[in-house]
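There are 2 protein chains.
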Amino acid sequence: MSHVDFYFEFASPYAYFSSRQLPALCDRIGIRVDWKPILLGPIFRRTGARPLLTDGRRGEYAKRDCRRWALMHGIPYREPDRFPLYSLPAARGALVLEGHPQREAYVHAVFRAYWVDGRNVGEPEVLGEVAAGLGLDRHEFLTAIEQGEVKERLKQETEAAWTRGVFGAPTFFYRDEMLWGNDRLPMLERLIQEDRARPA
Amino acid sequence: MSHVDFYFEFASPYAYFSSRQLPALCDRIGIRVDWKPILLGPIFRRTGARPLLTDGRRGEYAKRDCRRWALMHGIPYREPDRFPLYSLPAARGALVLEGHPQREAYVHAVFRAYWVDGRNVGEPEVLGEVAAGLGLDRHEFLTAIEQGEVKERLKQETEAAWTRGVFGAPTFFYRDEMLWGNDRLPMLERLIQEDRARPA
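As you go down the protein sequences, you meet chains X and D in turn.
Be aware that the first sequence starts at 39, since it is given in the numbering used here, and climbs by one per residue.
Be aware that the second sequence starts at 39, since it is given in the numbering used here, and climbs by one per residue.
There could be a bad hint or two in this list.
A pair holds if it fits inside one copy or across any two, identical chains being indistinguishable in the list.
Computed list of lysine to any residue pairs in SDA-like fashion (alpha-carbon distance at most 25 Å, straight line) [what the hints assert, rightly or not]:
no., residue 1, residue 2
1, K101, P89
2, K101, T85
3, K101, E184
4, K189, E227
5, K189, R102
6, K193, D103
7, K101, R88
8, K193, G94
9, K101, H177
10, K101, R236
11, K189, I69
12, K101, Y212
13, K101, F82
14, K193, R236
15, K189, M110
16, K193, P80
17, K101, L172
18, K101, Q231
19, K193, R96
20, K101, T181
Calculated from the structure, these hints are not laboratory results.
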């Protein structure tokens, strides 16, 4: 089964929207999602980009755009009180759970905790509660995300994303085609369908 | 008749795409387009934004995105050899022609000359040819765009756009709703339709 690589950052509202819209899209066309947690911090330090929601009038605009997008697509969304989210522990958690049956549920639960319920999942205590809510062992989970190996792995994943061309999130790869931005999901779908319609 | 204010910059490929897609959208729903030429230069100097197509990997990505967008929407497009376009004289021309029956044709002709035919409409000679191709008097047109009043007017229009919240192009206003980016046209259409469906 072919797949779409979905590079996401928990602190990005548009990545949150994609996390809600991409799985249905991929189900519809019979393609797998590979969930790829990364951190935008190290990437933005290289490009000089600023975190969107705190970026002056572009940020104010994005907040309005997010509210409209959520409303129009029926996605639950409430603007959090604090930006940006310290997403490091949550991203490590998504790596720790690779291969675990609850992994996708974890990603959705973290996104929801922050972008709907306004909970600060940057705090280990809160993140532990989210994990426990999925039936995971809170202590085991919180210990696992502090392991040096996991910390190193997230750096490597972010580095690999950078090497591949990623400069923001959400970013999607289908084969060699990179698409950036939640609003490129229709284009992603069309690219995949056109690729499949081509004679082998 | 209600209207959409369309703030455009000839140097922006996404503004070009919108210039091709917005009129049909507005015809469909019976709303007028108000064409608003501005310059992004003075706006970017304030926000610190960089011209898109020359902005490192974001620029390289945008070039790819533009080619895909054009292909998928059947819009003629050829990446120009030189970026960014010196759009000042062309923008002044769009102001000079306000109220003229050929004004919209001029905007389309300038966009096409640069984004399809790769002609440097930053040069008065080339711009004069574009104007002449529409039946305008080349000498009169080139003299008009050099008038102090027109130069001042473009500064004021750009300043007014900034005051209204514009930080990039294309930007659309429907009543107090600001939308930024060619990819927000479907949202614009939906906002207008929802607004009209509301009881007065």
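Within, between, both or neither, where K101 and H177 count as close if Cα-Cα is 25 Å or less: Result: close neither inside a copy nor across copies, 35 Å intra and 48 Å inter.
Homomeric proximity label, K193 with R236: Cα distance no greater than 25 Å: Neither: 37 Å inside a chain and 50 Å across chains, both beyond 25 Å.
Status of D103 relative to K193 across identical chains (alpha carbons, at most 25 Å): Neither: 31 Å inside a chain and 28 Å across chains, both beyond 25 Å.
Same-copy or cross-copy closeness of K193 to G94 [CA-CA at most 25 Å]: Between copies only: 22 Å across, 29 Å inside.
Copy assignment of K101 with R236, given that the CA separation must stay at most 25 Å: between (40 Å within a copy, 24 Å between copies)
25 Å Cα threshold - placement of I69 relative to K189: Neither way: K189 and I69 sit 30 Å apart in one copy and 54 Å across, limit 25 Å.
Same-copy or cross-copy closeness of K101 to Q231 [CA-CA at most 25 Å]: Between copies only: 22 Å across chains, 32 Å inside a chain, cut-off 25 Å.
Identical-chain pair category, K189 with E227, by Cα at 25 Å: Neither: 33 Å inside a copy, 45 Å across copies.
Intra- versus inter-copy proximity for P89 and K101 (alpha-carbon distance at most 25 Å): both (12 Å within a copy, 23 Å between copies)
Intra- versus inter-copy proximity for R96 and K193 (alpha-carbon distance at most 25 Å): between (28 Å within a copy, 22 Å between copies)
K101 and F82: within-copy, between-copy, both or neither at 25 Å Cα: Cα proximity of K101 and F82: in one copy and across copies (20 Å, 20 Å).
Same-copy or cross-copy closeness of K101 to R88 [CA-CA at most 25 Å]: Classified as both: same-chain Cα gap 15 Å, cross-chain 22 Å, threshold 25 Å.
Of the numbered hints stated above, those contradicted by the structure are hints 3, 4, 5, 6, 9, 11, 14, 15, 17, 20, listed in ascending order.
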